[in-house]
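Each residue of the sequence shown is one higher than the one before, counting from 57 in my numbering.
Where hints are given, some of them may not hold.
In silico DSS-like cross-links for lysine-lysine, where the CA-CA straight-line distance does not exceed 30 Å [unchecked claim]:
1) K125 to K153
2) K107 to K125
3) K107 to K134
In short, the hints are calculated from the structure, not lab data. Keep in mind that this is a model prediction, so the values were computed, not measured.
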Amino acid sequence: MAASKRESNNKSTAGRYAYEGLDRLIHERARLAILSSLASSESGLTFNDLKDLCALTDGNLSRQLQMLKEASMVEIEKGTSGNRPQTLCRLTRTGRKRFLEYIGELERVVSNATDRAAASDGQTAGENGRGGLSMA
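Model the full structure from these sequences, guided by the hints.
Next comes the structure, spelled out in structure tokens:
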């Protein structure tokens, strides 16, 4: 009977920590910063605003934006403002959808980690009288 309970438990937790929804394109720090910034601005952001918000160099920001554009996640419009060239960047519908799916998966990661840490805290404190892992 113990073996069947163990098998049932293994089936319900199989792949729990696989996190297939962590999109590798988005997961890179610079691209995550860009997408987070753009998600907070429906009308988009200028290249210089993005550069400042994300603390990126011109070259790095250009390269990351190009990768996101090739994936149809951002659109880039070049124009002028007061006789000066200006580049405006915006999330596409696809980009917003993928970003929100990614955030949902990150929330799952945090939930799993805090659930596990809370369970571990209870066991650790009871077993040896010391506090366990704290997420604070």
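Hints the structure fails to honour: Of the numbered hints given earlier, the structure breaks none, since each of them holds.
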